[in-house]
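Student: Chain by chain, the residues:
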Amino acid sequence: MKQVEDSEILEKFSNIKTRDEAFNLLLNKYQQKIYWHIRRLVIDHDDTDDLVQDVFIKVWKNLENFRSDSQLYTWIYRIATNESITFLNKQKQRNNTPLDEVSGELEETLVASSYFDGDKIQMKLQRALLTLPEKQRLIFNMKYFDDLKYEEIAAITGTSVGALKASFHIAVKKVETFMLNEDITF
Amino acid sequence: MEENLEHSEWMKGIKETGFTTPSNYFEELNDSIRVKMAAERLRAAVPRDGHTVPPNYFEQLQSNILARTTGGATTSKQQTKIARLWRSNVLKYASAACFVIIAGMGVYFNTNEQRTIQNNSYTDAATEQMLFDIDEEMIIEHIEANYKDQQKPTAKETALENYILNNYSQNDLTTNL
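Going down the list, the sequences are from chains R and C.
Each residue of the first sequence is one higher than the one before, counting from 1 in the working numbering.
Each residue of the second sequence is one higher than the one before, counting from 1 in the working numbering.
Hints listed in this document are in silico derivations from the structure and should not be mistaken for laboratory results.
Values in this document were obtained by computation on a predicted structure and should not be read as measured data.
Watch out, some of these pointers could steer you wrong.
Simulated crosslink set (EDC-like; lysine to aspartate or glutamate; CA at most 16 Å straight-line) [what the hints assert, rightly or not]: (1) R:33 / R:117; (2) R:165 / C:59; (3) R:174 / C:59; (4) R:173 / C:28; (5) R:173 / C:31; (6) R:29 / C:59; (7) R:33 / C:49; (8) R:120 / C:59; (9) R:124 / C:49; (10) R:165 / C:49; (11) R:174 / C:40; (12) C:36 / R:176.
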């Protein structure tokens, strides 16, 4: 099925008669991508479910004021990223974990999750990712799983391409070391 | 002849292409290639992350979001069938008759209500005038007499009050009540 262009969604949204249809198209196009983006950051399915709904409600409320000088999907990704990071910071505050430290609770959530059917090596990769600082994990996810370009990640995170490259390199090295030091080889 | 051509000034210009690279590019290139290869190896070994969702989750998610934004309206809204309200003349006349009856009842009760309101306003004015005519001191005496007649707390209530104050702190009372 041919994917609808962002420009078409925006045009339909600007007309009050086709606004609902436009939003429906936007959901069809982006809801899964945004779900997985958030899920990889917050790990828990139920938390992701709440966040993804909040993100699209924000999109619905603010799409009218969206300026088309930035890409629609980078704008939605940015909202999703901010919501997820705010959520994780609140979670850390509740557990008295310093903001710059990785919460061990995410690993517990992963282990206890009913919605993770990964094998040993997939679990190992997730554990390796949870050793990364939040920003490195975010960049690694967007590059490795979402296959976004550095320029796109830069637009989402507001970080320079050079800094992103450096972060990704460090993240890959850390993950590689973690995987090689464990009993599983790849 | 060929040697002369190779050493000529304009030939030197052709060998230098004018292309440049970012500073420290070649020092960082090795590292970039190594990282890319590590990422590719990782991707080949772990192609998916292992996270799953409940069955039909995304259909449900879309409905939930639409219910909280567009009110559940989707493109199918445009295909909604329109039913005709006035299918026969009997229904038309019956509706007109009902309307006349309801309008008539409305006019009748409205007139009655207005009369009652008028009567009430006369009564209110008379009461006010009567109160105005009574001496102020008489009113004060009446209130004081009524206050004295009010029931004092019984001995049982006082004892209970003392018991609570002696046995519970203020915190207990605020948190448990």
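Student: Hint by hint, say whether it matches the structure.
Tutor: Results of checking the hints against the structure:
no. : hint         : result
1   : R:33 / R:117 : 20 Å, violated
2   : R:165 / C:59 : 36 Å, violated
3   : R:174 / C:59 : 37 Å, violated
4   : R:173 / C:28 : 15 Å, holds
5   : R:173 / C:31 : 10 Å, holds
6   : R:29 / C:59  : 13 Å, holds
7   : R:33 / C:49  : 14 Å, holds
8   : R:120 / C:59 : 30 Å, violated
9   : R:124 / C:49 : 10 Å, holds
10  : R:165 / C:49 : 22 Å, violated
11  : R:174 / C:40 : 15 Å, holds
12  : C:36 / R:176 : 12 Å, holds
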